[in-house]
Every structure is written in structure tokens, then in C-alpha cells.
Amino acid sequence: MKVEGEHLFKGPPQQVWDLFRDTDVMAAALPGTEKMESVGDNKYEAIMNVRVGPVTGEFSGNLVISNEKFPESYTMTVDGRGKPGFLKGSGDITLLDQGESGTLMKYVGEVQIGGKLAGVGQRLIDTVSKSIISQAFETLDRVLEERSAAEVEDREVEYQGASEKDYAAAIAKDMVGGLLSTSWAKWLIGVVILVIIGIILIISYT
Amino acid sequence: MSLVELELSIKEEQIVEYKVIGKRVKRVEDPRLLTGQALFVGDVNLPDMLHAAFFRSDYAHANIISIDIQTALEIPGVVAIYTADDMGDAWEPGPPLVSPPPTLENVVFHSRRQVPLVKEKVKHAGEIIAVVVAETRYIAEDAVEEILVDFEPLPAVVDLEKCMEADSVLVHDDLDSNLAAHLKQSKGDYEGARNEADLVIKRRFELDRGAAAAMENRGIVADWDQKNQHLTVWDATQSPIPIRNGLAARLGLRTHQVRVVAPFVGGGFGPKIMMFYAEEMVLPWISMKLGKPIKWIEDRRENFYATTQERQQIHEVEMALSKEGRILGMNQKIIHDTGAYDPYGLTTPLNSQSHSMGGYDVKNYSSDLTVVFTNKTIVTPVRGAGRPQGIFVVERLLDIASRDLGLDPMEVRRLNFIPPDAFPYNHEIIDQAFVPLVFDSGNYEAAFNKALEELGYEDFINEEQPRLRAEGKHVGIGVVPFIETTGVGPYEGARISVEPSGKISAATGVGTQGQSHMTTFAQIIAEQLGIEVSEVSLVSGDTAEFHWGTGTFASRGAVVAGNAVHAAAKDVRHKVLKLASKILETPEEELELEDGTVRVADIPEKSISLGELALLANPLRGAVEPGTEPGLESTKYFGPALGSTAFGVHGMILEVDPETMMIKIRKYVAVEDCGTLLNPLVVEGQIHGGVSMGIGNAYYEKLHYDENGQLLNASLADYLIPGSTEMPQIEVYHMNTPAPNNELGTKGVGEAGAIPVPAVFAQALENALPDYDLEILETPLSPNRLFELLHKREENS
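From first to last, the protein sequence lines are chains A and G. Our numbering puts the first residue of the first sequence at 1, with every later residue one more than the last. Our numbering puts the first residue of the second sequence at 207, with every later residue one more than the last.
No lab work stands behind these hints, which were simulated from the structure alone. It should be emphasised that the depicted structure is a prediction, and the values quoted were computed from it without experimental measurement. Do not rely on the hints blindly, as some may be mistaken.
To be verified - Partial selection, computed: residues in chain G whose CB lies under 10 Å from chain A:
1) SER263
2) ALA266
3) ILE270
4) ALA331
5) GLU351
6) GLU504
7) ARG507
8) GLU913
9) SER921
10) ASP924
11) PRO928
12) PRO934
13) GLN935
For every residue, glycine included, the Cβ atom is placed at its ideal position computed from N, Cα and C.
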């Protein structure tokens, strides 16, 4: 499955780069995250709990950054496994300095999925992933804004990530314009959260 | 629905008038089935029964580095967890079920069979690595989730052509390539025919996979009784006797120590054949190891990954024709995907190879068959078993050739049919029966004309279609004749016994998955013994009751078991009359057997009931004459040297919405000839079910594998099976051209309904969309796929 897109962040490339390398920020942005830590210079490990709908279980992934050209581009490889299946992919991320407007992030990658994730979740992944990506960027935008504001006001950063529930509900709503029934939404949440792990890690996490 | 029964056969002298056979007797099994009183494997619950759940690979191709079961073992309620190493000598691949035909020369065949638990390398997603035994299925499933297997993922082999490239990854590392089998079959001189042809067309056809998707998934309960030294296995299988024989051999038991029961089974369709699925081998082994009963019922997701599938093939075909539309010859290259293993040998592709000429008289034929291993679920026959592919190919080519030659496609078919006086017709090509095929009988043109007439073909083409087109409707018609080789050996048997109550007990090894054996076999018995169908109690599929035979598959039950039942019933009738003759002191010829009573024809009050005769046939002390065999009982077998060739024609008028590509079937006609009809109701039921499966194969059901061997629609939410809203009203018309090679004259009909449907769809869709210059060379289609094809055509033009 090909993943491709772009997003404009309101901040300079260096700041966006730092944001992606901050495991605390990423852990907060990704609901269900139990552990996210650096295990070496360019290696990270994450464990996430997925406990919604028919797709439940722990999913652990590791992530390797390579081809780093600070603050312009890098390649990311992700390998995640868990009860819901597996996920493997790599993507190239480019940060383009847009001056006043901020930083344009472009990403292109290939993801392989398997197991329940593929067999049961496939139909929705394409649509859902687009929604997840925009949701993820909204979250990261808020972090970036909060960080900039805190820097200007010279105070501690007070940012709380969206809860698992808020996140999934927003995605479900986004996806079908709020037409989904509750049970459907619950089912979707399962798929959504699984996909979050892969796609967000790939596109926005270093 | 108008259901008309017709007997159009020109060979009327062969048709026997029956009293019970051929009547629309309601199914005697239905009251139990419809009120939930029929036993399925899922209903078997024994004291202290344990439950199994399986750890299956998510990867299609991967080496196993390590397996960690420690955490899982610590879960309360988990009794044991086994991996391949625990099985010791009991670990061995499944038996080769069907070897290549011994009569074929220069056959390459690499036999690679599925294993009970994977030792080193996973070869398709869903293969089993470990089995958890627990007090409940809940606990077992939870424990499966705690098993940690470290895999080294490998690139998957998926594509039927790329897998044969020199640098392809290998499914089986001990082989030089992914070639599973190769053979050629030919007759006549294709090259010569090609040189004389006025038209040679060449096309490439791609046919893809579907699931059998039986309503009841697989299921097994195994119960080892230590004190009795006896193993009982309830198995939702089509073939309990081979399973019993195989289990006994594998577990080091005598056959009488193993009883396999296939109770009511909710649909077989081929994949429930005597596979020796991993689960079928593992559960009895565990029961013996632990001395307790153990149960496993397959869930739907497991069914998508672990139950066999069919139909993926590529055909590159050339057809040479005269300008009049006569087929001079055909040449084809077939690639057949067998999945990760090939336990079922060449049965399916041989059927494609032999059915690619349909019921047409083609003198020159040459074909090259390659079977390849891929990292996908194993392929074995699914209702139709290679025949739908063959029929699709030949019927599509005739449609294309008719168009190119400017001929009426229906006339071209008539021109090529094997004529009624050409039977037995030496077809020469070897099919699943493993001998050069001979078509025993047929009357193809009559069936074809009947279908055209009932469908209103001329009216539709000349009046209705132009009128509807003028209204802006996209309506099309398709008519496809087909043949089906049925009733293959080796043999089946039956035992029939008159009870002292006057009722009849019967048993056969051919289990039931919905075929109505309890009704149709009872009709055969009732015909001979002059009793009501309801007086017969038939046990099928229990090795304790009958233990010789192979099983229910290949459209052979009514032919092979049916004729064994017939032979046993005749023998019992003979015994009844012989004994009655002695007691009533009347010659046998003057006796009548009716209403459960033997009477002297002229003196009706001089009579004796079947029950009294049965008592007398079990003599007391002093009444025994030397050489007496007790009972009014007989066991007989039937093993046909040649099968019988059924045929039929399906026709359809459909309407396509060119915006959504959704279709509506306005009329569906099926003309079927399966020789002597045992019960028209049952035959119609088979046709309805077959057509439903065929509609799925044609327009809804396709298993989507990605390039990593991952199945992308492994749920019934994504894998679409036709429901009642997709089913048309089907008009079934019966013809009867009795099979000459068995006494009842029966031919099989279990698979027939599914065979022509994809070809009918393709023809009707092209006919409905004349403006698009559409050429359908693939199946299954779907609304999506049709949309893509139409837009591809538009872009090209």
C-alpha cells in the first residue's frame, strides 16, 4: 500500500524536526501508547495497546531512521508486530522551508500489512488512513503552536494530547460525515487505532 | 416460478417407469434440520471435554526462529501447548490423496503435502505453528495470543508466472523451482488443423480464486477411550472412511479401534474432503496423549486462511475455425495455482484440460499444463473443480469467433455439438477419472434448443431487446451449454436390512452435506421393497455402520452410492420374495410386494408382512437349515469402469446499470440432464445452490491476495456471497438421457449448477453493453471490475 501526501506546519524546519524526535510528544499524540522510547541513536521502540472492537491486543513496533539530512529529509523504516497482525514499511520524509508560511512536509512510503489487520481491516485502510493523517497533523499542529506560544511567553509547555476516545471518534466522524452508527464507530476505532501506529509512525515520527 | 418437467430424450426405450424413483418426494431429513434436531459436530459436547485453539502464522512465507509458549502456559485453565517437536514420530505430512494418472506419460509431479504443525518454514498465511489445549475455547484463544513466535519474514511467491522465473524465491526449498507438475495431453494434429483454418483466434484468460464458504465451518471432536482402547472422532468431513483408515494408520491403531462419524454437515462443496487437514491430524493425537475428549470448531477467519480454495488459472488458448464456424482445433497452455501444497494432485487442472472443449466435437487438441506452488492457501476441488474454467474458455472463444466470422453464436454452437448418434464418444483426454475420457451419452442440441425456447431467445433478440434498448435499458442475453463428467469410481457400497418391525435400516459410507441422501436413497429402496420412503432409516457417514468406500465428492453420490443402494435393495427384495414364496407356498412370480406386505397376486388375503418375514429370517434353534444366512439383509457395492457424462444449458437475461454496474437478472433458465432423476425436487435444489455459487464466482466472490500473499478480504463483510437479493427466480427444466453404464441410469448433478454461470454472465454482459466493444476474458468480475473494464475500453477507443 502506498502512502503519500504533504502538510504545512507553522514553524521552521528545525522546530518541526525536533517535534518529530520528541518521544513524549509522539506518545501523547498516539492514544494507547504504553511505551515509546529511544533505544539508540536512530532507533526507537513503541508498544501500544489496542483494546477496541473485535481487534484487540498489544502491538509493538520498532523504528529506524536513516539517510538523515538535518533538517531536510530522512528515511524511516518501521516494523511492527502484534496480535492484530504485522506491519512493515519504509518512507521518505522531506521538510521544505517555506519561509514565513512554515515548513512543508512531504512524505511518500510503502506499507505492507498482514494478519487480521489486512484480512479484516483492508477495506477501510485507504480511506481511514487519509483521515488519520489529517487528525495526526492537527494534533501535531497544536503541539507546535503550544510550543511556540510557550517559547514566546517563556513558560512551561502545557499540552495534553487527545484521548484515545476523542481521537477515534473524530476520525470516524471525519470519515463518513458523522453518518456512522455507534456500533460501526466502535468497530472503526479498532481499525483506526491500528493504522495510526503504522502510518503516523512512518510519516511523522523521528 | 414455473417448474416444468420434461422428458425430451430420443432414447425413450431406455427410460424405465418407476413408482417412487423420480417422484417429487419431500426431503425426509428436513423436519430435523429445520427444528434444530439434527446433530452437527458443534453439538457434540462430552464430559471433561477440552478445547483447542491454534496459533497460525500471519506471514505467508517466513522462517520460524523461535517459539516462546511460557507466558501462554501459565494462564490458568491452559492444559497443554504443543508444537511440531512435541509430536515426535507422530509428526508427518498428510497422505498423498490423489496421485497423477498412471496412464499418462512424461508427467512431472512433485508431491508436497501439508503438515500438522509447521516445523521450520511457514508456506502460507494461516498455517499452524502451535496448538493450545485448554478447559474452554475462551481460555485457549487467550493463550494463543500470548504465544510469541519470532519469524524471519521471506518474500512471498504469489504470481503464477513470476513464480516460474529463474530468480524466484522458492516455496519448497528442496525443489529446483516452484514447478509442482507438468504434463501434456493432445489428440489429432492441431498444427495441421491450424494450417487449414480460415480463422485462428488467440486469447489469454485469467480466472481467480474463490472460497467454498460452506455455511458450517470445519469442526472436529476427538475422544480417546483408554479403557476401551477406542477412538471416536466426529468430523465435519465429506469422507469419514478414508479419515478413519488414515487415522488408524497414523496413530498405530487397528481400523476397528477408530470410528469416524460425519454427522449432518452444513455444506461441503469439496474442501471438506479427506484432506487430513492439520487439525484433523492433531486433535485425535492430543486426545490419545491426554486421554480426554477435545473439540475444535473452525471460525470464519480460520476458514478463509486454512480451508482449501480453488479456481486460479491462466489459460492461453488458440482456437482454429473454418469460416462456417466449425472448430478445427484448439491449443492451450494452462497454468494452475495449487497453493503451498498439492495433496490433491492434478484432479482440478485435468478437469479443466478435459472440459475445455465442452460438449463440442473437436478432433485436434493439444494442451500443456503447468502446476505451480505459491505461498497461498492449498487448492483442492471446489464445486465445479476445474470444469467452470474449461467451459469459460471454450464458450468465450466461441463468442469471439462468432463475432469475428459474422455468424450467429447460437448457430455456431449447434454446428459443433457432438451429435446424439456419436455416443459413446471417445474424447480421449484424461480427466479426474484417470482414464481417457469417453462421453457415455448425450443429447446436446435438444437441451440447447429447449433452453433457447424457454428463455424466449428469438423473441428477446428480435423484439424485446430492441424495445428495451430504445427505452435506454442495457439488457443482454447469454446462453451456455456445458458438460460435466460425473460418477467416477472407485466404488461405494450400501447395506440394507429389514427390521422385525417391518421398517428398513440402511447404511452407506457416503456422508451427507445437504445432498438429500436420506430421501433419494430411501426412494431407491422403497422402489424395490414396496414400502413408504418414511419407513427407511438411513445412516450415512458413520464408519461404525459402514466402513467401505471413499466419500461424497465429484458428483458421484447418486451414481456410485445410488447404484450400490439399488443393487442391495434388489438383493433384499430377492431374499424377501424367496422366503415368502416358501412360507406362502406360492411361486415367486405370483407374489407382489406392496405396502410392506408380500401377497399372492390372485389371493390378496394370502399374505405376510415384511416384519414377520424378518423375524422368520432370524431362525430359532431347531429351525436352522444348513447354509442359512440370517436376516433379510444385503450389502452390495458398485464400482463403475467409466463415469457418466451429464450435461445442461443455462441461459440468462440480465440488465446492467451502466452507472453503478449493478445487475439485475430478469430471467434465468436451466435445462439439466442428469439421466434418471431420483427426485426432481432434490435436483432442482442442487441446481439452485449451484447457480448461487456460480453467480458468486461470476460477479461477487473473489479472494484478493496482495503481492505478499496476504488475503485482503478474509471476512464475510468483505468477501461477498450472493444473498437472496442477488438470486434470480430459476426455471429448471429436466431432460432424461439415461446413463448406459449403470443400471439406474443416473448421472451426477451436484456440481452442475455452478459450472456454466461465469460464461453465461460474460456473454450476457457483453450482449448488454454493445456500445463498449467489451471483451471479457476474466472471472470473477464485480461491479468495480466491470467499471474498470468499460473505462479501459473507452480510453483505448
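Original post:
What hints, given by number in increasing order, does this structure fail?
Top reply: 3, 6, 11, 12, 13
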